[in-house]
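**Q** Chains as they are written, first to last, in this note's numbering: chain A, 1 to 220; chain B, 1001 to 1220; chain C, 2001 to 2334; chain D, 3001 to 3334.
What the hints contain is simulated information worked out from the structure, not anything from laboratory work.
Do not rely on the hints blindly, as some may be mistaken.
Unchecked claim - Taking lysine to aspartate or glutamate and the EDC-like style, the derived pairs with C-alpha atoms no more than 20 Å apart in a straight line are:
(1) 2115/C - 99/A
(2) 1181/B - 3146/D
(3) 3123/D - 1076/B
(4) 3092/D - 1076/B
(5) 2115/C - 128/A
(6) 181/A - 2167/C
(7) 1117/B - 1128/B
(8) 2147/C - 128/A
(9) 2092/C - 99/A
(10) 3115/D - 1034/B
(11) 3147/D - 1128/B
(12) 2202/C - 3230/D
(13) 3115/D - 1190/B
(14) 3119/D - 1076/B
(15) 3119/D - 1081/B
(16) 2092/C - 81/A
(17) 3123/D - 1190/B
(18) 2040/C - 2166/C
(19) 3119/D - 1128/B
(20) 2092/C - 2031/C
(21) 2119/C - 128/A
(22) 3147/D - 1190/B
(23) 1181/B - 1102/B
(24) 2119/C - 99/A
(25) 130/A - 108/A
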Amino acid sequence: MSAGTGDSVSLAAAGPILFDLVAVIVREQGRLSEIDGQTGDGDHGVNMGKGFRMAGERLRAQGEFTLPQGLATLGDTLLSDIGGSMGPLYGTFFTDMAEALDDTDRIDAPHFAAMLKAGLAAVQGLGDAKPGDKTLVDVLVPARDAFDAAQREGKSFADSLAVMKAAAEAGLEATRDLVAKVGRASRLGERSRGTLDAGAASCTMILSALADGLVQRLHA
Amino acid sequence: MSAGTGDSVSLAAAGPILFDLVAVIVREQGRLSEIDGQTGDGDHGVNMGKGFRMAGERLRAQGEFTLPQGLATLGDTLLSDIGGSMGPLYGTFFTDMAEALDDTDRIDAPHFAAMLKAGLAAVQGLGDAKPGDKTLVDVLVPARDAFDAAQREGKSFADSLAVMKAAAEAGLEATRDLVAKVGRASRLGERSRGTLDAGAASCTMILSALADGLVQRLHA
Amino acid sequence: MNRIINDPEQVADDAIRGVLLAYPDILAATDHPRVLRAAKRRGEGKVGIVTGGGSGHEPAFLGFVGAGLCDAVACGEIFASPTAKSFHEAFKAADFGAGVACLYGNYAGDNMNVKMAVKLAAKDGLEVRTVVANDDVASAPRAERDKRRGVAGEIMMWKAAGACSDEGGDLGQVIAVAQKAIDNTGSVGIGLSACTIPAAGKPNFTIAPGMMEVGIGHHGEPGIAVMPVETARGMAGLMMDRILEDQTFASGDDVAVLVSGLGATPVMELYILYSHVDAILRERGITPRHRFVGNYFTSLEMMGASVSVTRLDGELDRLLAHPAHSLGLTVLGR
Amino acid sequence: MNRIINDPEQVADDAIRGVLLAYPDILAATDHPRVLRAAKRRGEGKVGIVTGGGSGHEPAFLGFVGAGLCDAVACGEIFASPTAKSFHEAFKAADFGAGVACLYGNYAGDNMNVKMAVKLAAKDGLEVRTVVANDDVASAPRAERDKRRGVAGEIMMWKAAGACSDEGGDLGQVIAVAQKAIDNTGSVGIGLSACTIPAAGKPNFTIAPGMMEVGIGHHGEPGIAVMPVETARGMAGLMMDRILEDQTFASGDDVAVLVSGLGATPVMELYILYSHVDAILRERGITPRHRFVGNYFTSLEMMGASVSVTRLDGELDRLLAHPAHSLGLTVLGR
Ligand SMILES: Nc1ncnc2c1ncn2[C@@H]1O[C@H](COP(=O)(O)OP(=O)(O)O)[C@@H](O)[C@H]1O
Ligand SMILES: Nc1ncnc2c1ncn2[C@@H]1O[C@H](COP(=O)(O)OP(=O)(O)O)[C@@H](O)[C@H]1O
Ligand SMILES: [Mg+2]
Ligand SMILES: [Mg+2]
Ligand SMILES: [Mg+2]
Ligand SMILES: [Mg+2]
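With the hints as constraints, model all of the structure from the sequences given.
**A** So, in structure tokens, the structure goes:
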């Protein structure tokens, strides 16, 4: 069977998408810290960059890996090497996304939906953030909702991914008007309004890279 | 016998001179700290003012006291209540001056000479400062030398005291050109040149007040 | 930056290397570079006590590992939670077959990493129960106690729990004692100057000269009031008002008091502060039976101090008096 | 001034009041307000150990009064020698009938006040012998050893002498041991920021940001070089070069090492510094057998650290391992 069938991608072929995730976070690390610096302690890029770079090295050493194997390595690296909030939040996010792909060797739209749902549940289960708290949940929730809606409307996997990407970006943009309720930025109260949320920004980059990687491979 | 005979003063009548010593130090305390601040740690006036004020209170409580009793109280107060260098140096200075008047109840020129000699010996015995080290020794040595010379030249007690006073003032003025060799000011090396020495200044005040007090009483 | 460091990114690791070289009789390395255990391993069947938190609070957290105190510690970057993996490894290092009590402070990162680590340990079949310290009465109103930060009062919790474990208490008893210790402890800090994380190179908050921040957190978290610097007496009054009004302390109570410098405050000033804390307590008929005054829980080179007061019952009193030996605290026993 | 004080003139007295309230099990008052003694009086026939010096160096000096250490201490104003009377009263408080060893640091004021106090004690028939610490190798060339200041190496002297007295040594033996300890000790400090005496209200020396002063004294006395801040490794190298070149340390030597913060330096940075000191010693075949890393001898809120190294013989090694308990130092024994 080929890598992409138009409505699914083999997990083996999707493994290298992990390098795209690493690349975008490492490349945008400065911008992420800058965003965090406006309301938090300015280290989001440093934390993410360090973790993703380490995961990249481990993945390169691994050589061959499927999408869930890669996500598990990334999650495990974040849990093992990144403290603070981001290590456990993104760590459990990626770990649980990997587990959602346990019973398959191809990823199709229902699997993607399940994966996204698992990741969001992990983040909320651990961090208790609700939509509107100005966190990465404000990207994940609209992204999931948009993907599910697109599916219900009968859109293709690729089109649903495009809709999700747009929703993630809109979700990120919407964090600008929110007042932070959790995390370090919450100390600022009203003063946290007017800037993007750093975790929401990194989450948007991750979802976009994931969507782009899958779309590319759907027709490969 | 009257208080002053022209060439001696009764020690009982000379007791109140102690209040003159206290008064001048307390009055000039700001200036002493200012001088110390130019090369040292700027606390000479504070140290001296505190000690002399406390001694003044003890003397007032004592009521009647002779010159050596008063000097002993002053010396004892400095030893008991003033730490650093000034407590022991001036403490032993006054204590040993008092002891030099042990065998008399009047002070004449030879007794004064003996008293000055004992005070100087105490300071040098404890602090090891030599003339030229930029300390109160640079006032005491010329003062003693001038008094002794005046006596050898047959000058009266009163005139010898006047000569001593002038020599003390000249000695103080001469500390301006010296480089400090002991005490805190010695850290500055060459930079200590050009300012008076604080201990020399307080010592000049003390010797002058003592001389003035005795001269007043010599013909009382 | 006038600091004694090499690579600013390596400060936490470099410090751990140094403390292991300096105190091999008290602390030992584990396979995980950010996890230390007590050098003298305790016997089988003892409940393991674990703590952990960001670096920069020395002697906390690693300074409270030792006889009668914690068995293992997870160390994070400066002012950042240790990883879930570190906590997990610390649990393993403190596993003597009777379960592990993880006693840490209420910060978002620590909560999440501990939660993940407890899950990981459960997969190995290791039972870990937690108590999260929330003694900083200035960090949230009493009605929102679960939002309060854990500060120097954690030391009371470690001390009591460590002693209970030493006495042979089981996991349930150790957890109950730790919870009781922290529930009966109130703390308040006053900040007098900011501090600088070496990797950042500049302070990420400020306290103006002549001003003080009452209720400041251990990482410079905003307090409840910024006001002109008070006398030591005035500071003690402000802090004790907050602590004493938060719980109903009554005349006749026995308490333990801990006055900790935040890093740069001269120890003699902590003694001055203590004299007023002591007076305020005694005026109200409260007796300080255990007194700790020194640098116990710092925030790098921040100036200021914190006061923690623990109301004692007979059990806490006995446990606090139990012998202990670590870098940060030695109790010889009565 | 962002400090925890009341009347700036009363800081020393206020601190003493506080420490007595906080640690009545370790320190006791005497009839003289500036003299403290160990709370547990030692038996008759023991040589008394006395020290003293200016305040602002806490835990020095009063923090080294206790079991196995000093018996009494005379406390001066901040950075100023105690009075002759204070030293005299401390001698009396430490008189158990076997004479008194007064072990202090080489500063003009202390020398003079001790000298006067020894005279006063002699009048009472109390024999007092003295050892003056001059371990600061940066404060004068070796040929002018008698001009060198006493710094944190004094702690080695107190520890050894206190143990010798505990073991039943007579006055001659205690003095000999104290002298041997200090003769075999070299110290160097590095200053990274100045400090402010409360009564003065502003620092009376300065260290520019980005600069460090190598060889600085405990009151900011000028060092031997002002240079850009080095790494921790570099600082250790500069300090150890000075210490090791001053006395001939040889491969195979055993030493005791004390790294003390000057007040405001985070303790984690002292651990980093120690790791390099340890490495430098071991490279030369020298073994650090006793290691003390913490805030032992401070200068108010000065930033920086000092390193002291003592070459050991069997006797010093045994005496340093002897149990001791005080605010500043507790040794449990081997
Ligand atoms: N409880 C939480 N749930 C979800 N996301 C959170 C939570 N707390 C914080 N975040 C996210 O973490 C981001 C900050 O991450 P980072 O700067 O790396 O960690 P820290 O806040 O510890 O410095 C925030 O922008 C926010 O999106
Ligand atoms: N060894 C000494 N012998 C004589 N006088 C000394 C000696 N050392 C210091 N002094 C005097 O002490 C004065 C400074 O006194 P003061 O400022 O009160 O003490 P400190 O130097 O401890 O601050 C100097 O100006 C000097 O005259
Ligand atoms: Mg952070
Ligand atoms: Mg951040
Ligand atoms: Mg002075
Ligand atoms: Mg002076």
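**Q** Does each hint hold? Answer for all of them.
**A** Going down the list of hints, with the structure as the test:
Restraint check for residue 2115/C and residue 99/A: the C-alpha separation of about 19 Å stays at or below 20 Å, so the hint holds. About 15 Å separates the Cα atoms of residue 1181/B and residue 3146/D, which keeps this hinted pair within 20 Å; it holds. Between residue 3123/D and residue 1076/B the alpha-carbon distance is near 15 Å, which keeps this suggested pair within the 20 Å criterion. Distance restraint check for residue 3092/D and residue 1076/B: the Cα-Cα separation of roughly 18 Å lies within the 20 Å cut-off, and the hinted pair is therefore satisfied.
A hinted pair counts as satisfied when its Cα atoms are at most 20 Å apart, and residue 2115/C with residue 128/A qualifies at roughly 12 Å. Restraint check for residue 181/A and residue 2167/C: not satisfied, since their Cα atoms lie roughly 43 Å apart, outside the 20 Å limit. For the hint pairing residue 1117/B with residue 1128/B, the CA-to-CA distance comes to about 15 Å; that is within 20 Å, so the pair holds. Annotation: proposed proximity of residue 2147/C to residue 128/A holds, straight-line Cα distance about 13 Å (limit 20 Å).
Restraint check: the Cα-Cα separation between residue 2092/C and residue 99/A comes to about 25 Å, which exceeds 20 Å; the hinted pair is violated. About 29 Å separates the Cα atoms of residue 3115/D and residue 1034/B, which puts this hinted pair outside 20 Å; it is violated. Restraint check: the Cα-Cα separation between residue 3147/D and residue 1128/B comes to about 13 Å, which is no more than 20 Å; the hinted pair holds. Taking the CA atoms of residue 2202/C and residue 3230/D, the gap is about 18 Å. The hint holds against a cut of 20 Å.
For the suggested pair residue 3115/D and residue 1190/B, the alpha carbons sit about 30 Å apart, so the restraint of at most 20 Å is broken. Taking the CA atoms of residue 3119/D and residue 1076/B, the gap is near 14 Å; set against the 20 Å cutoff, the hint holds. Pair hint residue 3119/D plus residue 1081/B holds up; C-alpha atoms about 17 Å apart against a cutoff of 20 Å. Between the alpha carbons of residue 2092/C and residue 81/A the distance comes to roughly 17 Å, so the proposed pair stays at or under 20 Å and holds.
Between residue 3123/D and residue 1190/B, the direct Cα distance comes to roughly 42 Å. Violation of the 20 Å bound is thereby established for this hinted pair. Proximity of residue 2040/C to residue 2166/C is assessed by CA-CA distance (about 13 Å); at most 20 Å being required, the pair is judged to hold. Proposed proximity of residue 3119/D and residue 1128/B is supported: the alpha carbons are some 17 Å apart, at most 20 Å. For the suggested pair residue 2092/C and residue 2031/C, the alpha carbons sit about 11 Å apart, so the restraint of at most 20 Å is met.
As the CA atoms of residue 2119/C and residue 128/A are separated by approximately 17 Å, the hinted pair is consistent with the 20 Å bound. Proximity of residue 3147/D to residue 1190/B is assessed by CA-CA distance (about 19 Å); at most 20 Å being required, the pair is judged to hold. Pair hint residue 1181/B plus residue 1102/B does not hold up; C-alpha atoms about 34 Å apart against a cutoff of 20 Å. Distance restraint check for residue 2119/C and residue 99/A: the Cα-Cα separation of roughly 15 Å lies within the 20 Å cut-off, and the hinted pair is therefore satisfied.
Taking the CA atoms of residue 130/A and residue 108/A, the gap is about 28 Å. The hint is violated against a cut of 20 Å.
In summary, the structure is inconsistent with hints 6, 9, 10, 13, 17, 23 and 25 from the numbered list given earlier, while agreeing with the others.
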